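*Asks:* Chain residues, written in single-letter form:
Protein chains: 2
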Amino acid sequence: MHTRSAHRSLLVIGSVALDDIDGPFGLHKDLLGGSASFIARVASHFTKNVSVVAVIGDDFPRKHVDELTALGVDTSGIETKPGETFHWVGKYADDLATRETLDTRLGVFATFQPKLGQAHRDAEIVMLGNIDPVLQLDVLNQTKKPALVAVDTMNLWIDIKRPDLLKVLERSHLLMVNDEEARLLTKQPSLRRAASEILKMGPTSVIIKRGDAGAMLFYEGGVFAAPALPLSDVKDPTGAGDSFAGGLMGYLAYAGDLAPTTIRTAMMVGSVMGSFAVEQFSVDGIRDLSPARIQQRFEHMNELTHYERVKL
Amino acid sequence: MHTRSAHRSLLVIGSVALDDIDGPFGLHKDLLGGSASFIARVASHFTKNVSVVAVIGDDFPRKHVDELTALGVDTSGIETKPGETFHWVGKYADDLATRETLDTRLGVFATFQPKLGQAHRDAEIVMLGNIDPVLQLDVLNQTKKPALVAVDTMNLWIDIKRPDLLKVLERSHLLMVNDEEARLLTKQPSLRRAASEILKMGPTSVIIKRGDAGAMLFYEGGVFAAPALPLSDVKDPTGAGDSFAGGLMGYLAYAGDLAPTTIRTAMMVGSVMGSFAVEQFSVDGIRDLSPARIQQRFEHMNELTHYERVKL
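The listed protein sequences correspond, in order, to chains A and B.
The first sequence begins at 1 in the numbering used here and counts up one residue at a time.
The second sequence begins at 1 in the numbering used here and counts up one residue at a time.
Think of the hints as simulated: they come from the structure by calculation, not from any bench.
Fair warning: there could be bad hints in the mix.
Partial chain B-side listing against chain A, Cβ under 7 Å, derived [stated by the list, open to error]:
#: 1; residue: Leu199
#: 2; residue: Gly202
#: 3; residue: Tyr307
#: 4; residue: Glu308
Cut-off 20 Å, straight-line C-alpha distance, at most; resulting in silico cross-link-like pairs (EDC-like, lysine to aspartate or glutamate) [what the hints assert, rightly or not]:
#: 5; chain 1: B; residue 1: Lys311; chain 2: A; residue 2: Glu303
#: 6; chain 1: B; residue 1: Lys200; chain 2: A; residue 2: Asp58
#: 7; chain 1: B; residue 1: Lys187; chain 2: A; residue 2: Asp95
Being a predicted model, the structure only gives us computed values, none of them experimental.
Ideal placement from N, C-alpha and C gives every residue a C-beta, glycine not left out.
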């Protein structure tokens, strides 16, 4: 990793979960999941200045927290409470293109009240994973003045907590959503128009994720398309978007500047990390990744996108 | 247009049709449509060495042929026969993402027997638009030894004429299909695996079109992703894929070489031309395009795909 970096501090708020995942490769139970699990782990490949605020139940295997700590992540903000860890049960279609939620047990997440320690309040970059916007606001109220607030959300909150979500967006710089969510939020079928509407809600940038079709960045005066690497073997798409976010935010924290040019590169890094994540179940695909392997896949992305900028 | 070009001759075989198109912008009747109409017109922006072989009925407005001729296209291979021109009637959903065919009247197309004149037989580049693979084979049998044979097809032929289609593929260099067709042809949900299977069928390159998610090129030793330009106003997606093919083939004919590097650039040109096509009904979006406007949009594509190839 080169040396222009300023290594800003990155605070990640999100879920730490256990997932039961069914699909073409059979049923896998009690897998480590949750947005914060993926984001923080992936970001730790780019900067050692990552903290997590989350909640787990007393059933949660300690080894998962220990692994994050061993990666250099500050896990002091992961609170253990009596009860069950947030548990998601889902089933993928045979082609892995769609999934259905079979069960969601909130457990200790139902009464989660994020409490930021002093160091967390000073974070320069804050990633609000997909949780209730009321909690996202609560976190924002505890931070001082982060240089970048990035937000993820989902259909549920757009439907039932729109006013709270809009308050979060007013105070955010970067929204990350998928295409369906962007359209639901804005009622605009055109992604370009949806992005324009979102940029009026507060964020200065919006990233629209499109699964294996890549992701697009929209900001005042620019658009960028980051493709996804086409893969022969996808085992588990769970955590793809969060791994993308982890690579993106980790690279931004590492690079130190938050200019559109840097966000473009960060998205390619995010795409690299998402491609590793889906090749294995849970966080297995993003475990034990050497800098050389990450660099190699980044270069595959360079080849994937290379063409001659000719004069026609 | 610069000067390295060798301007190979391009022969386009496909449909010339009249379309009735319904959707969020109302019903538009008797629009000029058909794969050859789009491909030849778009290609004429890049080379004047384009010929069309197709059939029209005696109801076909002469002005459409005259317009093609005025663009420098050799229309001597457009045969007029007594009866109705091929007529397609379709309806788009409000978000333009899906469409249904309400009626297809083959008319004079039902008995179409492509007959190539002497000049057509010598064509160096042959684009077989989406027609019955038996006719595609018939055309190939009339050509001498083209340097590049590109083929489009559709679900119908994959379903009911697979053996004929496979014979066409054995003699082709480049297959262009959409993602659904690639999966149907190979029974592989992964596009990367589908592409690998297709490369075993004969073509040395396959382009998988994904609508507003762009297109991917697969060849032995390489993959390329060309995004689509995100647009605020899409009026009519009909002909998007054929305009992409027209830009691609026109640029290849103009550039003269058929190396993967050139195909990559040609795909970006195709994406530019597809973006113009969908902004208006029928061929209106690709009518009266100046070289400056095409170059400007190619530069938008350059901005859309630009990022710094850093060392992480």
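*Asks:* It remains to establish, for every hint, whether it holds in the given structure.
*Replies:* The hints, checked one at a time:
1. Annotation: B:Leu199 was flagged as interfacial toward chain A, and the flag is violated, the nearest CB pair being 13 Å apart, outside 7 Å.
2. The criterion of a C-beta within 7 Å of any C-beta in chain A is not met by B:Gly202, whose closest approach is roughly 21 Å, and the hint is violated.
3. Interface hint at B:Tyr307: satisfied, since its Cβ lies 4 Å from the closest Cβ of chain A, which is below the 7 Å cut-off.
4. The closest approach between the C-beta of B:Glu308 and any C-beta of chain A is roughly 5 Å, which is under the 7 Å cut-off, so the hint is satisfied.
5. With a CA separation close to 14 Å, the supplied pair B:Lys311 and A:Glu303 stays within the 20 Å bound.
6. A C-alpha spacing of about 54 Å is found between B:Lys200 and A:Asp58, which places the hinted pair above 20 Å, so the restraint is violated.
7. Straight-line distance between C-alpha atoms of B:Lys187 and A:Asp95 comes to about 11 Å, which keeps the hinted pair within the 20 Å bound.
When the structure is compared with the earlier hints, violations turn up for hints 1, 2 and 6 and for no others.
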